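Number of protein chains: 2
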Amino acid sequence: MSQPPIILGIDPGTLITGFGIIRVHPQTPQVLDYGCIRPPSKLTCYERYLIIFNSIEALIEKHHPDVLAIESQFVYRNPQTAMKLGIARGMALLAAARKQIPIFEYAPKKAKLAVVGTGTASKEQVQRMIQLLLHLPHPPTPEDAADALAIALCHAHTIGVKNRLAVR
Amino acid sequence: MSQPPIILGIDPGTLITGFGIIRVHPQTPQVLDYGCIRPPSKLTCYERYLIIFNSIEALIEKHHPDVLAIESQFVYRNPQTAMKLGIARGMALLAAARKQIPIFEYAPKKAKLAVVGTGTASKEQVQRMIQLLLHLPHPPTPEDAADALAIALCHAHTIGVKNRLAVR
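Just so you know, the sequences run in chain order A and B. This note's numbering puts the first residue of the first sequence at 1, with every later residue one more than the last. This note's numbering puts the first residue of the second sequence at 1, with every later residue one more than the last.
None of these hints come from the bench; they were simulated from the model. Keep in mind the model is a prediction, meaning the values are calculated, not measured. Be a bit skeptical, because a hint or two may be false.
In silico DMTMM-like links for lysine to aspartate or glutamate, alpha-carbon gap of 25 Å or less [said to hold, decoys possible]:
| no. | chain 1 | residue 1 | chain 2 | residue 2 |
| --- | --- | --- | --- | --- |
| 1 | A | 62 | A | 143 |
| 2 | A | 99 | A | 33 |
| 3 | A | 42 | A | 105 |
| 4 | B | 99 | B | 33 |
| 5 | B | 110 | B | 66 |
| 6 | A | 110 | A | 143 |
| 7 | B | 99 | A | 47 |
| 8 | A | 42 | A | 66 |
| 9 | A | 109 | A | 33 |
| 10 | A | 99 | A | 61 |
| 11 | A | 110 | A | 33 |
| 12 | B | 99 | A | 57 |
| 13 | A | 62 | A | 105 |
| 14 | B | 42 | A | 47 |
| 15 | B | 62 | A | 33 |
| 16 | A | 109 | A | 66 |
| 17 | B | 42 | B | 143 |
| 18 | B | 42 | A | 66 |
| 19 | A | 42 | B | 66 |
| 20 | B | 99 | A | 124 |
| 21 | A | 99 | B | 47 |
| 22 | B | 110 | B | 33 |
| 23 | A | 109 | A | 124 |
| 24 | B | 42 | B | 66 |
| 25 | B | 123 | B | 143 |
| 26 | A | 99 | B | 57 |
| 27 | B | 99 | B | 66 |
| 28 | A | 62 | B | 47 |
| 29 | A | 99 | A | 66 |
| 30 | A | 99 | B | 143 |
| 31 | B | 62 | B | 143 |
| 32 | A | 42 | B | 143 |
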């Protein structure tokens, strides 16, 4: 790959889906975009899922990410919540699979560990650390966007570590 | 609607997704197609979800259903299973939502009640009753296809009852 890879990070949710897109540079990763997809609550759940899918597809078509890094499954939620979250995650997974973009999953704790240094970091700690690491003018909001950037950074760290190990 | 409506019934699953397509006639519903989507197990889960989505989209493009009737959520499964089943369900919901096809959800018990007369019917009872009601040469297999036809029939009964109530 001649160009540095672009990572799309996604923090899926039934109400708010956070996204963060970074380009991996040897020194500092560059933020291309971040924010959240928040379909209007007055819509049916099916219309909301369609908006999540269309929005992620539009992000992919705009930024051409090489990789999707997505928050992996919570196992402690109740089955009803897990089912709904599964549908929302499915929208991101399908949008990437349709474009043959490789998918990597990271547990929320692993993303926090990679960014803050502890898997039990607070939302505010993640937001402040993301601001520092990515040289943003202010902490990214909402927290879902910060989490998505953290997942993208977690993947960048993972491939960076792998590359360093390969060089040795 | 001048033509009798076409109902696409879906019984979603992570390994096997059953489908059944019927055209509602005043006397006997007509079976247009039934079967199952069984993506190869050697593929990644993402590739399998893509196959589920593409297959349902192809069924919609071939048969132009007016409605998607889909098995609703189980609440007793564990969160990990519910999450995966949610992703599979999401593929069917998105395929319908992208074509602006209305979606109706039915609990498995309600579908069994509509077809067999009891919500606790066995798989074999459902298969035999579907064979009788739809004048099929043999019980539909696999059971996931029979369940999908049962969900489609359940929706046909529901709109039939509503129509009869409206006429009174």
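Checklist line | List of violated hint numbers, smallest to largest | finding: 3, 8, 14, 15, 20, 24, 30, 32
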